[in-house]
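Protein chains in written order, with this note's numbering: chain A, 718 to 1191; chain B, 459 to 742; chain C, 11 to 318.
Calculated from the structure, these hints are not laboratory results. Treat the hints with caution; some may be incorrect.
Facing chain C, a subset of chain A residues (Cβ under 8 angstroms, in silico) [said to hold, decoys possible]:
no.	residue
1	L736
2	E738
3	A740
4	M741
5	V743
6	L914
7	A916
8	M1108
9	R1109
Cβ coordinates follow ideal geometry from the N, Cα and C atoms, glycine included.
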Amino acid sequence: MTPQAKPIQMGVIGWLASLAEAAMSVPGAYRQNFRRHPRRTIILTVLIVFAIVYPVLNREIFQPWNRHSSFPLPFPEDAVVTFMMILSIMAIGLNIVAGFAGLLDLGYVAFYALGAYTAAFLASPHFGSVSVILFSQVPPGFPGIHLPFWMLVPLGFAVAALFGVLLGAPTLRLRGDYLAIVTLGFGEIVPVVFKNLSAVNFDLGPIHLVNANLTGGNLGINPIDPPRFFGITFGSNSGIAAVYLGMILLVVAIVIARNLERSRMGRAWMAIREDEIAAEMMGVNLVRTKLLAFGLGASFAGVAGVMQASYQGVTTSDFFMFSTSILILIMIILGGIGNIWGVIVGALTIAFLDKTFLPYLGQRLQAIDSSLPNPSQFNFLIFGILLVVMMRFRPEGFLPSRQRAAELRHAPVGQAIGSAAVMGDAALASEEFADTLAAEQVVEVEAEAADAADQAAGPPTDPAADTEPPKDAT
Amino acid sequence: MTVPPLTGDLRTGVLPEDAVIVRARGVTKRFGGLVAVNEVDFDIPRGAIVSLIGPNGAGKTTFFNMITGAYTPTAGEISFDGQPLITKSRSKVRSKKPHEVTALGIGRTFQNIRLFGTMSTLDNVRVGLHVHMRSHWWDSVLRTPGMRVEEQASIDRGMELLELVGLQTRAEVWARNLPYGDQRRLEIARALATKPQLLLLDEPTAGMNSSETAEMTAFIRRLREELKLTVLLIEHDMRVVMGISDRVTVLDYGEVIAEGTPVEVRANPRVIEAYLGRGAAAEA
Amino acid sequence: MDQIAQTIIIGIANGMIFALVALGYTLVYGIIELINFAHGEVFMLGSFMALVLITTVFKITAGTPLALMVGQVLIVIVITMLATATLNVTIERVAYRPLRNAPKLAPLISAIGMSFVLQNVALLIFGPANDGVDRILPNVNVLSVFGITNVTISAEQVFVALVTIPLLLALSWFVTKTRQGKAMRATAQDPDTAGLMGVDVNRTIAITFLIGGALAGAAGVVQILYNNTTVWNLGFRFGLNSFTSAVLGGIGNLQGAVLGAMVLGLINAFSDRYLAANWTNAIVFAVLIGILVFRPTGLLGQQLADRA
């Protein structure tokens, strides 16, 4: 039936060994893929290499093109690319909540804010009355709390997850649309709290606050310490260094999300998305499973928030508006809710449109006639239309999730599980990505086959009518 | 576990306590003013196939849902394998949650199939295995050896169960793309994955033709023989009920109106009356 | 004491505007279980419509003779109601009807998209700044007729009541007494059965949106004449308050929506007066979350059985 993989060694040593083995199996797996699907493997290799060298190419070649308008399309600047990474991390997190577990969270930005303010409080001169400096390259005695970036990331993760669980605990039994509204409310309250707690008077027991500025109010908090590793600063004027930091965080986010997806928890999330009652009857603890989705999903935004605040060096409550939650939602809907690769493509596309293409278009139009509307001011007109049109014509997005059929089909089951560990995942993962691309080609040709693959929406098909989900193009 | 001979009197209240897997006493469920189930006493003998029949709206599925924890009874007691499923704290009746009941060893299928449509056949079964898996989310994130062993075991066990129901070649197919009969069998495989001692089947042959029905009947019998399962069945098809039941209980308007072997029940005038109306009963 | 009385009066006037908008939410939710996210924007566009009609078409000012002014305001109300009703029906047609059989969250997402579209249309046409009209109605204290001078009821507040109360009565008559109203209630109970019984479900839903839109339009006119100002993102705040009203009263329940709106109007007024205006939105959201978590059926309970 399934070929039994090598016995799995237990314990920390076993874990490390499996990591090493997975890392070593990458060249072999790559050669194998190359033999089996040469065209696809070449495309993927080019894409990955391009992604890795992109920041350098961007600095050396594309940005000069931008300046001289020698290419008809604009290339995103380093700051925008860094933001693309941050937004992609958030999209992956929202995809856990909304895509895997099917819980619509309209206030996702709240967790982004919580992460950002975690960094702002713990790595800035804001609380100037104390001086707490831990492993941070700040002169001793410098006012404020200063923790290093590598500590802020897990803290942002934990704070956001904690609030995710606190919000989720009373609300997760609500029906989908009510839950959406409750999360929307939470998303509005959190920034308001950060905005308004700038002059707090409080006198109770041992706590005396007179006009205390807890959150910086409208001005927000700055300067926030930039991330710093090995003497290199990854702040807003560090150019491509920050892009690479963002990329590393994004890759970690992808690996975590994929590992969760292909696990007991991932299956439980999908089961409750498909049929909550049946899932509970089959032994899935709804409360725990949903809370976990909410908490873990939120934690991605927490980390994204830490990155945002540390990178930009400033955070204010104005960054965290309802429209940001919706922007992230559009990313996952455009890309294909449920599918990590689709979600990332969606995130990159929307971020590019929003932060590079529309401003560029606006600039061009203004140059022609200054009375023309500037599309970058009406970005949400475009995104709103996009939402309506997507829901009507392509609710599953452009790179829909095909569940894990590909994973089970392409490698013998035992091997897929045995060797695709944390790092060696990349080969398998990229193959699946290629599958979704290939699926997209099928979709273009055969719209009907794609309908069978619809899973985000669409009326239930007659079970007897379909035979199998569409195979990939190869 | 000793399986008692199933030839004796299997009616409620007759068997000794350890020969009974589910014991329900005075179970009542009201929805507003409607009494769906009224003061029902019900025993399921260990290892038996018991059928629950009755006209539409007699309260069969409601009773099912109280055993599985989907509904909390208004009054009464239900115990499974000696453990109470219903507890009373002050005046409030509480039921164990469905997932807790499942963990204790009760598996079920649904009247209108409720598979996880866009998950693969194998993954549907693996959701059933979820309740007996122990790895945590951090194990999944790190893909620890323990988690990988457990995942591998779940694949192996899932494939075994698919083989049992004859779906091993369709492991990767989305559940909703399976033909109807296969979906019914997948539901049973998924229920078996929860390692039940008691299997509740809600109209397993609904919508099947006669050869499929015969196949399903044989399969249910096999489950009892090979897996030593106890089966509680809701069924409308009298050939199925009469063919495989060790005992039949008839509900009407939420009350037990008859109980006994298929032969006894078939001859019971109250049952005929409930199904066909008073006139028919008088003629019979 | 006077201050509290004054705050109550302001709260009730606010509440009446919320009520007109809340009814649109509750009617639509009652019938197709959709949170019509774009409804606040319909109200906002209604207020702009009224603004344009008042300032540029009819050029109503404080100097306009009273009889003429009454006539013109009535025409403004009718035109605005017709326009927003048409808009709301169009939205239903374009963004929701095609999704009638889609998963439940699809229409909600579509509604959010629609809401952004309408906001940005207003932004495109009217720009980002607040627009307003000069005060038109006479600056009098109606209570001075009774010799009370320390508490004020303005002409605007009377106007709010004069528009709102007849509309609420008309709606109540429509829903309970007319054939179409009965069709609406039947569809809310069970659309499938209603369809089998010969109710044209699509038509009934369209009429529900028509009524909701018309009420939002009336609320828009009231907003312009009472608060004298509007802005492209006004719909979000009003939509939030009105939706909360509907939920507070028990969604799907018409009397509940009105009662909830009054409570919300008072909460707003008291929060603005005694707490701080910048906390009001957070408080409203906290109320909304509190109700949904602790009493999702609202104060008066849902009128329709929960079909979920």
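Results for each hint:
| no. | hint | in the structure |
| --- | --- | --- |
| 1 | L736 | violated, 39 angstroms |
| 2 | E738 | violated, 42 angstroms |
| 3 | A740 | violated, 40 angstroms |
| 4 | M741 | violated, 44 angstroms |
| 5 | V743 | violated, 39 angstroms |
| 6 | L914 | violated, 10 angstroms |
| 7 | A916 | violated, 10 angstroms |
| 8 | M1108 | holds, 4 angstroms |
| 9 | R1109 | holds, 5 angstroms |
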